[in-house]
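Participant: Listed here are the chains, written in short residue letters.
Number of protein chains: 2
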Amino acid sequence: MLDVCLMGSGGSIPKPERHLSSALLRYCGASIVIDCGEGTQIALKKAGFTFSRIGIILITHFHADHISGLPGMLLSMGNEGRVGPVIIAGPPGLARVVESLCIIARGLPFEVVTYEFSQDGGSLPKELFSDNKREPKKVEDEKEPFYSPPSHIDPITLFDVKAFPLFHTTPCLGYRISIPRAGKFDPNKAKAAGIPVELWGKLQRGEAAGGFLPDDVLGPPRKGLDVSFVTDSRPSESISSAVFRSDLLICESMFASDKTARALKSRHMTAAEAAYIARDAEVGRLWLTHYSPSVNDTSVCLAEACEIFQNTTAGRDGTYETLRFPDQN
Amino acid sequence: MLDVCLMGSGGSIPKPERHLSSALLRYCGASIVIDCGEGTQIALKKAGFTFSRIGIILITHFHADHISGLPGMLLSMGNEGRVGPVIIAGPPGLARVVESLCIIARGLPFEVVTYEFSQDGGSLPKELFSDNKREPKKVEDEKEPFYSPPSHIDPITLFDVKAFPLFHTTPCLGYRISIPRAGKFDPNKAKAAGIPVELWGKLQRGEAAGGFLPDDVLGPPRKGLDVSFVTDSRPSESISSAVFRSDLLICESMFASDKTARALKSRHMTAAEAAYIARDAEVGRLWLTHYSPSVNDTSVCLAEACEIFQNTTAGRDGTYETLRFPDQN
Numbered sequence: 603m604l605d606v607c608l609m610g611s612g613g614s615i616p617k618p619e620r621h622l623s624s625a626l627l628r629y630c631g632a633s634i635v636i637d638c639g640e641g642t643q644i645a646l647k648k649a650g651f652t653f654s655r656i657g658i659i660l661i662t663h664f665h666a667d668h669i670s671g672l673p674g675m676l677l678s679m680g681n682e683g684r685v686g687p688v689i690i691a692g693p694p695g696l697a698r699v700v701e702s703l704c705i706i707a708r709g710l711p712f713e714v715v716t717y718e719f720s721q722d723g724g725s726l727p728k729e730l731f732s733d734n735k736r737e738p739k740k741v742e743d744e745k746e747p748f749y750s751p752p753s754h755i756d757p758i759t760l761f762d763v764k765a766f767p768l769f770h771t772t773p774c775l776g777y778r779i780s781i782p783r784a785g786k787f788d789p790n791k792a793k794a795a796g797i798p799v800e801l802w803g804k805l806q807r808g809e810a811a812g813g814f815l816p817d818d819v820l821g822p823p824r825k826g827l828d829v830s831f832v833t834d835s836r837p838s839e840s841i842s843s844a845v846f847r848s849d850l851l852i853c854e855s856m857f858a859s860d861k862t863a864r865a866l867k868s869r870h871m872t873a874a875e876a877a878y879i880a881r882d883a884e885v886g887r888l889w890l891t892h893y894s895p896s897v898n899d900t901s902v903c904l905a906e907a908c909e910i911f912q913n914t915t916a917g918r919d920g921t922y923e924t925l926r927f928p929d930q931n
Numbered sequence: 603m604l605d606v607c608l609m610g611s612g613g614s615i616p617k618p619e620r621h622l623s624s625a626l627l628r629y630c631g632a633s634i635v636i637d638c639g640e641g642t643q644i645a646l647k648k649a650g651f652t653f654s655r656i657g658i659i660l661i662t663h664f665h666a667d668h669i670s671g672l673p674g675m676l677l678s679m680g681n682e683g684r685v686g687p688v689i690i691a692g693p694p695g696l697a698r699v700v701e702s703l704c705i706i707a708r709g710l711p712f713e714v715v716t717y718e719f720s721q722d723g724g725s726l727p728k729e730l731f732s733d734n735k736r737e738p739k740k741v742e743d744e745k746e747p748f749y750s751p752p753s754h755i756d757p758i759t760l761f762d763v764k765a766f767p768l769f770h771t772t773p774c775l776g777y778r779i780s781i782p783r784a785g786k787f788d789p790n791k792a793k794a795a796g797i798p799v800e801l802w803g804k805l806q807r808g809e810a811a812g813g814f815l816p817d818d819v820l821g822p823p824r825k826g827l828d829v830s831f832v833t834d835s836r837p838s839e840s841i842s843s844a845v846f847r848s849d850l851l852i853c854e855s856m857f858a859s860d861k862t863a864r865a866l867k868s869r870h871m872t873a874a875e876a877a878y879i880a881r882d883a884e885v886g887r888l889w890l891t892h893y894s895p896s897v898n899d900t901s902v903c904l905a906e907a908c909e910i911f912q913n914t915t916a917g918r919d920g921t922y923e924t925l926r927f928p929d930q931n
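Chains X and V are the protein sequences, given in the same order.
End of the first sequence = 931 in our numbering, gap-free, step of one.
End of the second sequence = 931 in our numbering, gap-free, step of one.
Possibly wrong hints are sitting among the right ones.
Note that the list lumps identical chains together, so a pair holds whenever it fits in one copy or between two copies.
Unchecked claim - Keeping only pairs whose Cα atoms sit at most 25 Å apart, straight-line, the calculated DSS-like set for lysine-lysine is:
hint, residue 1, residue 2
1, Lys786, Lys804
2, Lys648, Lys728
3, Lys867, Lys617
4, Lys791, Lys861
5, Lys861, Lys647
6, Lys617, Lys861
7, Lys617, Lys647
8, Lys791, Lys764
9, Lys764, Lys728
10, Lys617, Lys648
11, Lys867, Lys804
12, Lys786, Lys728
13, Lys786, Lys861
14, Lys764, Lys617
Derived by calculation from the structure, the hints in this document are not laboratory data.
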């Protein structure tokens, strides 16, 4: 089960009911945050998530409404006991931006590892996690750190992260986060291969054991879960390809169609344009987000989008859903 | 009349009902913001203030809970039409911190002037304003800037700002903001001096005219208004001196007395310590602020403080008061 929460649905300037861009995905107790606009800390608290479980922070681009909450959130993660390394990934130039912002977030009790995708995107390398599965940073603090990564596997490695290019006024990336789903354990297959029962558990968890491989006890891979996040951008066919058949697409809806000219000028999308992407990409559902402060009534955006793609939600701060693997439904 | 609003009453980590450190003073349509923790933008909107009227931002120190909202607020000021220069003042090192944070706030449509006090504090030089009363920065924007400084006097110059040293884990300044009150206009004095009636208005507004000086038509200066802001610090006699007879003291109350040891270690104050300062300094009233996230019930702090200094309010986000000159009451 994958929990997804839209933490900030506002673009540009926050409104009392709309924090700035941020979403959180949680799986097996590990969390990824995408974007970290001002207010993300508050939104995270309101939604009941735990700072110390955040292992990856993905940044779409360096406009303040997508990253200004970063130093505060890192400090709060430290205050709440995070000791394992944190990966911050984003477009080229990320390391310098993070370093500059962290002038007010010194002495973090965990290691920050930055990773810059190319402008064309790519996959977040799994080696980043193994490289950083060293001992957590030791801190002398009165508080006992309550986070200790599981010994056999860090759940954050279960996320596959792919970045793809967006089309904004500055280099910007969209993200597709996938949770692959291994085949079902097949005891008959295991017995036929003569595998001792005591090795079954390890093989079932995806590890090699006693000269056998997981494939020796598992059926064919099952459909996993995919969530895509697209903001800020003009629409493009390449985006539809990148988010193809995602279970959930979270996509910007800066304006309704009456402001198409503004969307064009500022290189944002209207609700209808987001819906066309959702339809063309055959996604499961669409959450609209990143509304301009001028959008007071998001139901106008919703109505426009539903004309094109019915399974749309006008996302708001705190919109939450638990996605289940198809074979769990 | 001076409006004072506590915009963020939280310390360290924000809570859903408590944004991080910030207060706003408004006089004659010009505003000063003191501290700019995460959430200041939202708090400002909630309280109904105007971004574009902020002429001075004072920073107490560079811990994130006091400054992390700065880049976002500067951008919002620009978005809402600020064109006149903005003075950001704080402890030594300010310019570098502001420059680093502004990596995500490029292209502001107004000039940012940083001023570093010494560690011992001092007065904010009035020349800063006259130096910056040049033409507002010209911007090519579809929006018409709605702020134009009055021609004869910029109201922000009516604020006198004094910084004084606090005693925290890092260089930190307290602030005393004063609105001086000129003497009352005395028509008999003007007549006796033979001043033509057409000059009275200008002299009354504090400007020289026709070889006469304002003192030629004004009675003795009247008591003005003083607001002091103290966070983060251990208590000290020098603080009581610096805030002496302020009409309002806004002072940190990180803990109640059951956590005096933590206050000592982290170099913060308890509510009782804030109240002793208020009592010794003979201030008009005291607002407690900057509560630790561990303080769920601020009435405990209030009760402790009231034992020592009765005219205390447990400040909360949005606590608001309009102070009037004594001769207006």
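Participant: Flag every earlier hint the structure violates by its number, smallest first.
Facilitator: The structure conflicts with hints 2, 4, 8, 11, 13, 14, although it agrees with all the remaining ones.
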